[in-house]
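> As a plain string of letters, each chain reads:
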Amino acid sequence: MSTKLMKSNPLAMRLEAVKNLTVDNDTLEALKITPTTKPRQTVEHLLIQQHEIFLNSFEKVFVEMNEMEKSIKEMDADLSFIKSTLEQAKEKTTKVVDITNELKEASSDTLLKQSIIKEFLEIFTITKRTEINQEFFENLKRLQQINVHSQALLIGNQNIGMEILTNLNTVQEEQYEMLFKWTQLQCRTLKQEQPEISSEFTEAMRAFRFRPILFDACIDEISSIRQSALVRAFQNALSVGTQYSKPIEYYAHDPTRYVGDILAWIHQACIAEYEMLSSVFGIVGNSQRQAVELPQVFEQVEGYQTSREQVLSVLDKNTEGLAPMLNKRIDAMITVLLGSIQIYKIQNTIQFYHQTLSKILDPKSTLLTSLESLETQKGDLTRTTIEPSESLDPPPTVKETMSQIKEIFTSLEMNMVSSNESILADVKEQLLYPLITNCESPNDLTPLDQAIFKVNIYHYINNVLTLFGFCEELINEINTKTSHQLNTMLDKSGLLELIVKMKSSEKPYSLVPELSTSVISTKLAKLDNYLVNVTMDVSETLYRIKSLDIAKECVKKGCIQFVKEYSWLVSEILDPANKYEFPNSLIRRNVKEVETLLSLD
Amino acid sequence: MSLQNILKYKTVLLGEISVGKTSLISRLMYDKFDDSYQATIGIDHFIKTMYLGDTTIKLQLWDTAGQERFRSLIPTFIRNSRVAIVVYDITNRSSFTKVNSWVRDVRNECGEDIKVVIIGNKVDMDSSRKVWPEEGEELATKLNAIFMETSAKTGSNVQAMFKKIVMDLYEQKVPVKETSTHLNINYVTTSVGSSCAC
Ligand SMILES: Nc1nc2c(ncn2[C@@H]2O[C@H](COP(=O)(O)OP(=O)(O)OP(=O)(O)O)[C@@H](O)[C@H]2O)c(=O)[nH]1
Ligand SMILES: [Mg+2]
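Quick mapping for you: the protein sequence lines, in order, are chains A and B. First residue of the first sequence: 812, per my numbering; consecutive thereafter. First residue of the second sequence: -16, per my numbering; consecutive thereafter.
Accuracy of the hints is not assured; some may be wrong.
[Unchecked claim] Straight-line C-alpha distance at most 25 Å; calculated PhoX-like pairs for lysine-lysine: (1) A/Lys1002 / B/Lys146; (2) B/Lys41 / A/Lys1170; (3) B/Lys113 / A/Lys1057; (4) B/Lys136 / A/Lys1057.
[Stated by the list, open to error] Partner residues are not named here, just some residues of chain B that face chain A (Cβ under 10 Å, in silico): (5) Thr39; (6) Ser64; (7) Arg90; (8) Glu92; (9) Met150; (10) Asp151.
To be clear, the hints were calculated from the coordinates, so they are not data collected in a lab. C-beta atoms are modelled at their ideal positions from N, C-alpha and C, and glycine is treated no differently.
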């Protein structure tokens, strides 16, 4: 048995203890004390027997122990085998763990890729729609998004980006083409007088913002359809009418109504057209009252702007065709009415609608331009000649013209258009001044009769003008003219000739043939005769002045003027510089006497 | 949006100065009221869209000016209309007296083709009332017109009035359906406001 075992095995230790067992003397003594005579032998015998048994047993143990040792050795071997195996296994496990970790990483990588791909597909899958509806437009928007994303993709993944873009472009073009065809079909509905724009149509136009060529093509198509639709509608309104209203031309005999109806129709058509276009251009939220005053830019479709100008230019195009029609008719009406009061009423209406339409239309639009051209046509209202009558009364032409002016001014007082100034100026330029010029044109009347005739006309004019508050200036003008006529007395008396001649000649006047001493003498002799009869003469000639006030005024002013001029004449004759011989004898009446004769004091 | 079933009716509002024509429209269109007075210059234009079942009804409203100086423009707009709403102010007797001549103008232009509605407005000012509802009623019967009293200020009867007009027009156009009286009118507004100020 190995020492190793002896030391550590409890069994071995026990055996050792037994082997070394000694019986002490006390025990031996005790054993000797045993009453039996042969106990010692017995005991010794027993002891030997015991030892033998023990030895035998021990031998067995020993054998067993040997067996055991063998087994243990085997076990030991096994264990170290196990140990090495374990170590090997351990090594392998680490590898597995490593691999597992790697795999794990790979798997999450894969998952990420998967989700990326899923997302990628979500973003980049290109789909088509075959029906024009809300989904179509949403899809179209998505395609546009893909386009944007693919552009971004080009930076990192040129190939994929290119591939997608190529595909995408094909599909997008297909879809746009389909939409374009659909829109062209839809445009047919625009042939009606006042068409409705469907929300799909609006969406389509919005989509075309990304295809400006298609957008413009649609707008052109719309414009040309609307142009003829509006022309047709206008024609109908003019000559056919509706279930509820007679054609406009039915009232052509009433020019004011006719022109008013035409312009009201145009106004209404422009508003409806604007409303339609705001749907076409997708202008939203125009429910405000001020909607017509559009903001400069009311919508932005990712880079594309709808500006007021854009809408207005289309509106202009659509309504373009109406301009010549309207022009032709109103122009014809104006031509017919040239020279009559109604032209002013019509001008007033045209002006009103011009202002009204300026709020909707582009200032440079065809319609507004043609209204402007119509506005300026007032015509020459004074192609009439004035024939004085025996009574020197204002002739019918004057009365007629003034009644026209009266009507114009009455309508001015309740004018629809703010600027009276221009009409007032027109009336002056076109009616009043020509009238006065005509009055002043030469005729067969004697100067005095002519003067009276003019005064009568001025008086008549003034009577009309005083009815209106805004005519003060005109009245003053006419008054001045009236008083100018009053010095006709000078003429009648023969003095005027002398005075005029003197004022245009060089001193000394006596050397001027027409102002010679003898001429002066004869003229002044005649004057004396005139002055004696003057009171009678004045009342006789001036009774034809229609206004008594003016007649009186005329006499008074005339006399004052006369005296003034006479005293000037006297002073000139007395002036030695003029070298009249015996000037004092030439002057038969001094100034004071003349004044008395004219009963001016 | 279906393009079928769209009915359009032109409507003209008439009446003396300051009776509340513009206020009635602005109550209808924007559900708003303004105490301050701003005279209409010339003609204003509005479009009110209503839905009656699956029919879209567009009322084109022409708001005329009560001021004398614009009178010459009005006949044209009467002629083009299917409905004429003649408004008077219940606190202003003379605005009521003029109703007769307004309706006569309308009948002269359009005969019986046009639906005439007489409106006594400003019922919220009952304490200063000068025209009794019975008088309005009587006049309307005489003139073959619909009569209602409204207040643009409180909104009383305003929607109801336009609703009634629309229903009447609708029933004329389409044979009366059993359900027609239960139809819900939704008011959705779009408009092109055209202020024809000079
Ligand atoms: N208390 C009250 N005031 C009202 C009502 N309706 C209108 N008004 C007031 O009456 C005034 C005139 O109203 P408008 O609607 O401008 O009158 P209108 O008929 O359009 O006037 P014109 O455009 O000049 O013809 C304003 O000050 C309004 O506030 C109402 O129902 N009740
Ligand atoms: Mg108003």
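> Each hint needs a verdict: does it hold in this structure or not?
Now for the hints, and whether the structure bears them out:
| no. | hint | in the structure |
| --- | --- | --- |
| 1 | A/Lys1002 / B/Lys146 | violated, 31 Å |
| 2 | B/Lys41 / A/Lys1170 | holds, 23 Å |
| 3 | B/Lys113 / A/Lys1057 | violated, 39 Å |
| 4 | B/Lys136 / A/Lys1057 | violated, 38 Å |
| 5 | Thr39 | holds, 8 Å |
| 6 | Ser64 | holds, 8 Å |
| 7 | Arg90 | violated, 14 Å |
| 8 | Glu92 | holds, 9 Å |
| 9 | Met150 | violated, 19 Å |
| 10 | Asp151 | violated, 15 Å |
In this structure, the hints that do not hold are numbers 1, 3, 4, 7, 9 and 10, in rising order.
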